[in-house]
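For the sequence shown, the UniProt record's numbering gives the first residue as 1, with consecutive numbering after it.
To be clear, the hints were calculated from the coordinates, so they are not data collected in a lab.
Glycine residues also receive a C-beta, built at the ideal position from the N, C-alpha and C atoms.
There could be a bad hint or two in this list.
Keeping only pairs whose Cα atoms sit at most 27 angstroms apart, straight-line, the calculated DSS-like set for lysine-lysine is [as the list claims (entries may be wrong)]:
{"id": "1", "residue 1": "333", "residue 2": "295"}
{"id": "2", "residue 1": "353", "residue 2": "291"}
{"id": "3", "residue 1": "107", "residue 2": "126"}
{"id": "4", "residue 1": "237", "residue 2": "162"}
{"id": "5", "residue 1": "333", "residue 2": "312"}
{"id": "6", "residue 1": "137", "residue 2": "126"}
{"id": "7", "residue 1": "259", "residue 2": "237"}
{"id": "8", "residue 1": "162", "residue 2": "190"}
{"id": "9", "residue 1": "281", "residue 2": "330"}
{"id": "10", "residue 1": "107", "residue 2": "53"}
{"id": "11", "residue 1": "295", "residue 2": "237"}
{"id": "12", "residue 1": "107", "residue 2": "32"}
{"id": "13", "residue 1": "190", "residue 2": "291"}
{"id": "14", "residue 1": "153", "residue 2": "53"}
{"id": "15", "residue 1": "259", "residue 2": "333"}
{"id": "16", "residue 1": "330", "residue 2": "312"}
{"id": "17", "residue 1": "126", "residue 2": "162"}
{"id": "18", "residue 1": "133", "residue 2": "72"}
{"id": "19", "residue 1": "53", "residue 2": "137"}
{"id": "20", "residue 1": "312", "residue 2": "322"}
{"id": "21", "residue 1": "146", "residue 2": "162"}
{"id": "22", "residue 1": "243", "residue 2": "291"}
So the derived label-pair ranges between C-beta atoms look like this [unchecked claim]:
{"id": "23", "residue 1": "36", "residue 2": "463", "range": "53 to 59 angstroms"}
{"id": "24", "residue 1": "338", "residue 2": "25", "range": "50 to 56 angstroms"}
{"id": "25", "residue 1": "191", "residue 2": "241", "range": "18 to 24 angstroms"}
{"id": "26", "residue 1": "136", "residue 2": "200", "range": "35 to 41 angstroms"}
{"id": "27", "residue 1": "279", "residue 2": "160", "range": "20 to 26 angstroms"}
{"id": "28", "residue 1": "200", "residue 2": "360", "range": "32 to 38 angstroms"}
{"id": "29", "residue 1": "279", "residue 2": "463", "range": "50 to 56 angstroms"}
{"id": "30", "residue 1": "227", "residue 2": "171", "range": "49 to 55 angstroms"}
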Amino acid sequence: MGSTRVIHEKEGRVRECVLTHRRLNKVTIRNKYPLPRIDDLFDQLSGARFFSKINLRSGYHQLRIREEDIPKTAFSTRYGHFQFTVMPFGLTNALAMFMDLMHRVFKPFLDQFVIVFIDDIMIYSKTESDHRKHLRKVLQTLREHKLYAKLSKCEFWASEVKFLGHVVNAEGVTVDPTKIEAILRWPQPKNASEIRSFLGLAGYYRRFVQNFSSIASPLTELTRKDVTYIWSDACEKAFKLLKERLTTAPILVLPESSKELSVYTDASGIGLGGVLMQDKKVIAYASRQLKIHEKNYPVHDLELAAVVFALKLWRHYLYGEKFTVYSDHKSLKYLFTQSDLNMRQRRWLEFLKDYDFTLEYHPGKANVVADALSRVRLESESEVVMQIHEVPVEDSDVIRNQEHVQMRAEPIALFRVIDCQRADSEYGRYRSLADNIDDKDWRLSGDGALRFRDRVWIPSHRQLRDDLLKEAHRSWFSASGRQ
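Full structure from sequences and hints, please.
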C-alpha cells in the first residue's frame, strides 16, 4: 500500500501524488531502458532555424495500466483506499515504459526532425515550408495516439527555444540563464554532501566550461572519505570561478558533417583536457581529473592518455571521419613509427588505429586549449637549470665561480628527472606546496616536473646528478667546452 503527500505545482494548484511504492519497486524487475544522451540529441539540430516545443500534460497519466496490475498500485488516504488506472509517478519502470511509448510513437520522425526526451518534444526544421509539414505530422501523430499537450508549456514557430535546461537557436546551444540561478545563489557548502550537490548541478553544464575538472579539483578533493573537511582559499576561489564561468558560458556550435573536425588535447599533473572544434569554433569542452594510478605516468603517457580520453568521449563524432588531433607534446608525432613501446602504449595504439586521423604538434603557446589545466607552457625543448654545489672535476674552481649551469635536455632526460622526483621522499611535501595557490616558489609545470622558482628541482639521486653533470660538461655551455 503506497503512501501519499501533498505536492504544490508551479501554477499554484495542488495535486496529491503517491511518493513511495517501496514494496512494489522492491519486487519489480527493472527495465533498463537507456535514456538518450543530451549531447547526442542536440547534435541533430545542426542547420535548423525554426523550432517548436510541445510538452505533454501529466505525461505518465496518459499511459494506461494493465487491468491485472491495477491492484498493485493501491494507496491509502484519509478519504479511503484508491488505486491507479494510469501510470503513477514513483514506480521503478514508469520512466522506461513512458520513454519506450514515446519512441515507438515518433519512431518515423526521430533523428530527422523530432527530438523526444520523456514528455518534452522538439520539432526542428531548416526552412519554413519544412517546419509547417513537420509540425503538422507531429500534431496528427499526437491526435492519433490520443496524447494531449499542455498549451501553456508549448511554443510554436520560434527562432529560439529553451529545451532541457539549454537555449537552442540557429547559432548553437548555450546555458539557459534561468536554470543556473540556483547555482549562482548557492551558499558556501558546509560539508562534503553539500559539495556533491553543488558539483552535481554545476556538472550538468560542464561541456560549456573549459577545464571544469581542473577548476573543481579543490572541491572534489573535499568529497573524499579520508580527507578532513577544511574550506580553504583554493576551495573558495574554485567555488566562485565555477559560478563565474557558468554565467559567461559560450555558445557551442553544432557540428556539420561536411566540415573536418579538430581535436586539441592537453595533460598535466592535475588532469586531462580536450576541445572539439570545427572551423575554429568550439563544439564541446571536456576534462577530467587524473586517477590515482595515472599520477605516476610519465609525461609521454599522460599526453597520450589525453588523446585516448578525447577520442573515446567523442567517438560518436569522430569514428569513420577524417580529422586532426593537435598535441603540444612533440614526440607524439612519431607514435605510429616507434618500435619501443610499453604495454600500455601498445594497448592505446591498437585503440587509436580504429580512427582515421593525423597527429600534429601544436606548440603550447598556440594551443587553443590555452593554458589548459591552469599551468604555464614550455617550448618543445625543456630548459633544465640546476644549481651546482660540488663538482669533482679538474676545472672545478672555474665552474664554482658560475652560479648556474644551463643545459638543453632531450625529452627522455626530463622524463628521468621527473621519475626520480616522484621517487624522492620529499616529493609529497613539495608537491603539496605546488598545489597551494598561495605558494609562489613551487609549481608543477606543464611537462609534469616540479619546479622551484621556475627551475627544475633535481632530487637527491646520486646517479641522476652525476649524469646531469656529465651532460653539462659535454655541452657547449660547459666551462671546458668539450663535446
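Hints, verified against the model:
1. Distance check on the hinted pair: residue 333 and residue 295 sit about 23 angstroms apart at the alpha-carbon level, within 27 angstroms; holds.
2. Straight-line distance between C-alpha atoms of residue 353 and residue 291 comes to about 25 angstroms, which keeps the hinted pair within the 27 angstroms bound.
3. Proximity of residue 107 to residue 126 is assessed by CA-CA distance (about 20 angstroms); at most 27 angstroms being required, the pair is judged to hold.
4. With a C-alpha separation of about 30 angstroms, the suggested pairing of residue 237 with residue 162 is violated against the 27 angstroms cut-off.
5. Of the pairs offered as hints, the one joining residue 333 and residue 312 holds, with about 19 angstroms between alpha carbons and a cut-off of 27 angstroms not exceeded.
6. Under the criterion of a C-alpha separation no larger than 27 angstroms, the hint pairing residue 137 with residue 126 is consistent with the structure, at around 16 angstroms.
7. Only pairs whose Cα atoms come within 27 angstroms are accepted, and residue 259 paired with residue 237 is rejected, the gap being roughly 39 angstroms.
8. Simply put, residue 162 and residue 190 have alpha-carbon atoms about 33 angstroms apart, too far for the 27 angstroms limit, and the pair is violated.
9. Note on residue 281 and residue 330: the hinted pairing holds, with a Cα-Cα distance of about 24 angstroms set against a maximum of 27 angstroms.
10. Pair hint residue 107 plus residue 53 holds up; C-alpha atoms about 17 angstroms apart against a cutoff of 27 angstroms.
11. Our distance criterion of 27 angstroms between C-alpha atoms is met by residue 295 and residue 237, whose separation comes to about 24 angstroms.
12. Restraint check for residue 107 and residue 32: the C-alpha separation of about 19 angstroms stays at or below 27 angstroms, so the hint holds.
13. Under the criterion of a C-alpha separation no larger than 27 angstroms, the hint pairing residue 190 with residue 291 is consistent with the structure, at around 26 angstroms.
14. Of the supplied pair hints, the one linking residue 153 and residue 53 holds, its CA atoms being roughly 8 angstroms apart against a limit of 27 angstroms.
15. Among the hinted pairs, residue 259 with residue 333 is consistent with the structure: their alpha-carbon atoms are about 24 angstroms apart, no more than 27 angstroms.
16. Taking the CA atoms of residue 330 and residue 312, the gap is near 22 angstroms; set against the 27 angstroms cutoff, the hint holds.
17. Straight-line distance between C-alpha atoms of residue 126 and residue 162 comes to about 18 angstroms, which keeps the hinted pair within the 27 angstroms bound.
18. Among the hinted pairs, residue 133 with residue 72 is inconsistent with the structure: their alpha-carbon atoms are about 43 angstroms apart, more than 27 angstroms.
19. Simply put, residue 53 and residue 137 have alpha-carbon atoms about 14 angstroms apart, close enough for the 27 angstroms limit, and the pair holds.
20. For the hint pairing residue 312 with residue 322, the CA-to-CA distance comes to about 15 angstroms; that is within 27 angstroms, so the pair holds.
21. Annotation: proposed proximity of residue 146 to residue 162 holds, straight-line Cα distance about 25 angstroms (limit 27 angstroms).
22. A C-alpha spacing of about 25 angstroms is found between residue 243 and residue 291, which places the hinted pair at or below 27 angstroms, so the restraint holds.
23. Restraint check, residue 36 to residue 463: a C-beta distance of roughly 56 angstroms satisfies the suggested window 53 to 59 angstroms.
24. The beta-carbon spacing between residue 338 and residue 25, approximately 54 angstroms, falls within the hinted interval of 50 to 56 angstroms.
25. Between residue 191 and residue 241 the CB atoms are about 21 angstroms apart, so this pair conforms to the stated range of 18 to 24 angstroms.
26. Separation of residue 136 from residue 200 is about 40 angstroms and conforms to the stated range, judged on CB atoms against 35 to 41 angstroms.
27. Our hint of 20 to 26 angstroms for residue 279 and residue 160 holds, since their Cβ atoms are close to 22 angstroms apart.
28. Residue 200 and residue 360 have their C-beta atoms about 37 angstroms apart, which keeps the hinted 32 to 38 angstroms range intact.
29. Hint check: residue 279 to residue 463, Cβ distance near 51 angstroms, so the stated range 50 to 56 angstroms holds.
30. Distance hint for residue 227 and residue 171: a CB-CB separation of about 42 angstroms, inconsistent with the stated range 49 to 55 angstroms.
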